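Trainee: If you read the protein sequences in the order shown, they are chains A and B. Those letters in the first sequence? Residues -10 to 342, by our numbering. Those letters in the second sequence? Residues 13 to 350, by our numbering.
Derived from the structure by calculation, the hints contain no laboratory data. As the structure is a prediction and not an experimental result, all values here were calculated from the model. Any given hint might turn out to be false.
[What the hints assert, rightly or not] For each label pair, taking beta carbons as the anchor points, the in silico distance ranges come out as:
# : chain 1 : residue 1 : chain 2 : residue 2 : range
1 : B       : Leu158    : A       : Asn200    : 51 to 59 Å
2 : B       : Arg150    : A       : Pro17     : 56 to 64 Å
3 : A       : Leu18     : B       : Arg89     : 30 to 38 Å
[Said to hold, decoys possible] If you want the footprint, here are the derived chain A segments under chain B, 3+ residues with CB under 8 Å:
# : segment
4 : 141 to 155
5 : 214 to 222
6 : 262 to 271
[Said to hold, decoys possible] Short, incomplete list of chain B residues facing chain A, as computed with Cβ under 10 Å:
#  : residue
7  : Ala155
8  : Leu163
9  : Leu184
10 : Leu210
11 : Asp211
12 : Leu221
13 : Leu225
14 : Gly244
15 : Glu245
16 : Val264
17 : Tyr275
18 : Thr283
19 : Leu293
Positions of the beta carbon are idealized from the N, C-alpha and C atoms, including for glycine.
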Amino acid sequence: MSLPQPAPDRGGPAQPLLALEGLVKHFPLKGGLFGRTRAVVRAVDGVSFTVAKGETLGIVGESGCGKSTTARLLMRLMEPDAGSMIFDGEPVGENEQAGGVSLRDYRRQVQMVFQDSYASLNPRLPIEESIAFGPRVHGLPAGEAVQRARELLGAVGLAPESFARRYPHELSGGQRQRVNIARALALRPRLVILDEPVSALDKSVEAQVLNLLVDLKEGFGLTYVFISHDLNVVQYISDRVLVMYLGEVAEMGPVGAIYDRPAHPYTQALLASRPSMDPARRRTKPPLTGDPPNPVNPPSGCRFRTRCPHAEEVCAARKPNMAALGEGHVAACHMADPASGHSKAGSALEAVA
Amino acid sequence: MSAALDEARPAPGAARPLVRLRDLHVTFATRDRTVHAVNGVDLDLAAGEVLCILGESGSGKSVTMRALMRLLPRFARITGGIEVAGRDVTAMSERELADFRGGEVAMIFQEPMTALDPVFTIGRQIAETVQRHEGVSRQAAEARALELLELVQIPSARRRLAAYPHELSGGLRQRAMIAVALACKPKLLLADEPTAALDATVQIQVLLLLRELQRELGMGVIFVTHDLGVAGEIADRVAVMYAGRVVEEGPVAALMAGPLHPYPQGLLGATVHAGMRGRRLTTIPGAPPLLDVVPAGCAFHPRCPHAEDACLAAVPAMRSPSPGRRARCLRVPDGDVS
Ligand SMILES: Nc1ncnc2c1ncn2[C@@H]1O[C@H](COP(=O)(O)OP(=O)(O)OP(=O)(O)O)[C@@H](O)[C@H]1O
Ligand SMILES: Nc1ncnc2c1ncn2[C@@H]1O[C@H](COP(=O)(O)OP(=O)(O)O)[C@@H](O)[C@H]1O
Ligand code: SF4
Ligand SMILES: [Mg+2]
Ligand SMILES: [Mg+2]
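Chain B on its own, in the form it takes in the complex (with noise of 0.2 Å):
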């Protein structure tokens, strides 16, 4: 093959995303209060790419990833671009979300029960799923509900078929609701911290599964999480979500080396790992604001061991000093201005 041929097609790096969300705002607006839950998120997810959102509770992750699939409550306000394979998630029509959601976007949760029908067994769900999406005959649906079930490495599957949700022990009623989510092979797979609940045995089994799915089926990956450990184990790229914003995004090997925001670069300080013994945990003073209005300037400003007055002064832009690396504070350098 020529190479001037292979200079035509695009770097890997710059094909579309399969992911692209713009200045994401989503407000949540009732009687007694108002929390301004995102506020401005740029994300972009390549085809095949695992990211994955860590931040603390509240920090606005689940909503992001909901609002991905409009799947947020009418009252909330979102604005912003979502795009998703090429598609404008907010201009779709109700019958379009329906196909949308469980065709090339799935989502799994933290308690499976919340995705799984206690009535209807696993076996029963995921061909009704097969069927919807795809139309096909209820045997041939029937067949792949045995395949996934296979793929998923749940122990005697066909017996399995026939179980009641609540019959499965945790371990595996996560790796059925794994299956109903990848049974109409997603492009996209949204995990929101699927392996908090579970025990250290069995998280690292459901872990080392979800990798070797995505692999296999090329899926691009958003997984949440709160644990360090768990965006070590399974990202290729991480973004630190705070108040709202992403305040870092970067490769998670340089991201877990050297944090550039003083975010994340506290959060590093305050987990706990092997070797710490006898000393004094580094903390982070304070608390994450209420978001009640929208946070001025850096968020993170009231909490920072850096901070000046220019910090309050406006949000501080996203800086890249190196390829692939960008955080929003100021005395990170801009170095790559491409």
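In isolation and in its complexed conformation, chain A is listed as follows (with noise of 0.2 Å):
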């Protein structure tokens, strides 16, 4: 094959794909009699996180909790104010001499798909030129990158001899998605961040894309970051889950323990807000009032207090500690904390039972 092949596995499978400490990024919101920056949104606020090689790490929480913005930080789209990035135990960004991995190599090893299928592709350029673009960008000769193109579009179910030389306007939602699908595996990628990509589809379609996704994963040998924020869609596909709330990450862990024994109440009101497809099981209470608070001024100590059914005074005073619930389940909650001080510390596992 002419492409590249992906680039090889460094450090083995017991280390991280990709390793985050304590990612920041902060938009200074303009205002004022001068345009000086009187206050900022805490987009993404110190959040820690690993992916494994091989795995989907799903990322969930309510609309503007920080999810656009991390993924486009681990795009490299745009800067973060703080925090360090380890890419397979090399620092990304960093002289390659001393070990780094560049931000030309990084880039071409971690792609994105997004929401918005029209974003990605041009609309002037018939689809599979906007696929062939990057392998040609990256030196791929013209002919073989179309030949490279057409082989995707075969992979993800849109057979080249119809399909190559349409633009995207004329293409549904659902196949202009399987094109971005296609233009993020054009470099061979080893992680592929995927930020709402079925949310705009109908179900019948998110359904052949899913599968799409999971078979590609398979083929390819790919790393997925996921991110929704239809809690079904990310059980079904994670391995591991984060759930974010403003700008932190409120809980982490295996699929089925985040699902199954939710420890902070954040995950647990989520979860119980799923609309039951079951009239007989319909509710009375909804599990939280009010919307989230605005990020620019989040509450002290634990950003979900004002929300939260358990908060106590701790709450106020005191950022939680993430506290470790076994096998790599973690939660930022007092009560998860036997020594936090809170008066049901050591009782979250109980407290959704």
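Please assemble the complex out of the two chains, which come individually in their own frames, going by the hints.
Mentor: Take a look at the structure:
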């Protein structure tokens, strides 16, 4: 095959593909008389996690909690204000001689698919040329790049004979999302970040694209970060799940632990808010009242305390530690930390039952 | 009271429906293209009933709702019968329509800013609506505005009367839009995906509020949604649309437990829900038809696993295998021929 193979594994299977520590991104809000910065949106505020080789990490949370900003930081579409990123053991964007991975190399190995299926396709190019664009920029001769594009169209279920020369507006939303997936795979990435990839699709098409993502992951040996606000979809596709609230990690762990034994009251409320398809199991009381607060001025201590039914003084006074609950399950709630001084400390798990 | 008197009353099901659509067709014809958006819809809604219209994008849900209020562009061609609260909507003059909209019938949308005016306070907008339709004094209208904000459970309602729409969070804005819609105690509320853009923890609050208000005020509600879960939470009855036609209709519990028509069957199988991990999702192959021509026969035929020649010959008639359940599929037995 003409295209470079995916970059070789370096650190071995135990080495996380990606490790993030203390990632921060604040957006200044301009205002006032002289356009001075009056406040900042704390979009991502000290987020740490790892992505293991070959896994799918799901990220859930309500709109504005910082999922897309996290995705753009992962892609290095923007620079973090603070924090470190290690890709397969090598610091991202640092001197190659010193053992780092350059941004150019990193960006070839990490690709992204967006919710808006129009966003990353040039409306004036036939889709095969949009897909071939990346490989050409990275030095593949034009003919080979188009050949590669056609193979990928086949791989995402769009027969190249009838689709290759079409323009984006000549496709349905689901077909355009397949093209975006093909485009993301054209550089043979190791990590694919999917930001709400099925949220704009109808249910019947969503299922097609989810099946496709599962097949491609296996076929191409990929690792996914899958961002969605749909808890059912995240449960279906993820091996591990990270729950975000107001720019922070509220809880993280294996998918079974998060869905069957959620320890953070926010995760519990989020799961209990899912509408039920069974009319016999209708709810009479909403799990939470009010909307999520503004990330410009987040509450002190635990950011969830203004909506939390278990909030106590300690929740306003101190930010909870990430308490370890075993098997990589962690939760940032004082109730999960036996030493926190919360009256229900150590009982977080029983609170669910 | 004598039993004879009781019997003389019509059974609740036999009462004149609040909404009666008969063979509704809507076509949009412009110079470049024609869209056959609605292709023969029959629907009844009883007073005080909640009907969910389910269907994928482009199936004609919003156009059907807008036709009910005659809120479609002038170039839209509408035929068929539209009756609301015993009145013929197709025969209304512009004046009558203006009273009708926001009076007997109100509508709420996914995006509250399409219904709220950004330059007036919430209190002012509700009071204006009340005054225009009911001709009461300004003072009475303002008192009513406060009542309504309390009714939709907006905290610190009195203070919020003076707020502009952009000053409210998404969930509060949605509640404010509902308050405006309820200002004149409509008999019929049309809700076009009003919770689709809301976060999970806020969506369930608004759904529960709508259900509570519907019961308290005894309104009929037609609620459009993509989401089977939303229908499960709020509907009495469900109508599933495909390519501008209702392909199945029935009580929510029965329809969700076992749809009759292959399209809702496929939709149910393709909807990801808890406990499907590790299993391959069933899918409906292909995509809905372009509506540049009226789909021949059963519009689902190109995607249907059971299709045969007869499905293409003519649009299958509604068949009713048991009371209250109906589907447009040749494979459904027509048992309930009452
Ligand atoms: N004003 C219009 N002019 C031309 N075509 C229109 C107009 N409004 C709707 N249509 C077309 O009519 C068809 C049905 O549209 P409708 O808005 O009812 O879909 P829907 O079921 O509400 O979909 P969604 O779930 O995406 O809201 C579509 O093909 C749409 O493009
Ligand atoms: N470029 C930007 N400038 C200013 N604020 C931003 C920018 N991008 C995102 N934000 C803000 O940061 C917060 C997190 O946004 P985002 O990451 O898009 O959330 P999500 O994807 O979870 O909905 C939001 O309050 C959003 O308004
Ligand atoms: S730390 Fe306190 S406020 Fe935060 S989730 Fe736990 S109990 Fe609730
Ligand atoms: Mg986002
Ligand atoms: Mg619509």
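Trainee: Of all the hints numbered above, which does this structure not satisfy? Sort the numbers upward.
Mentor: 2, 3, 4, 7, 8, 13
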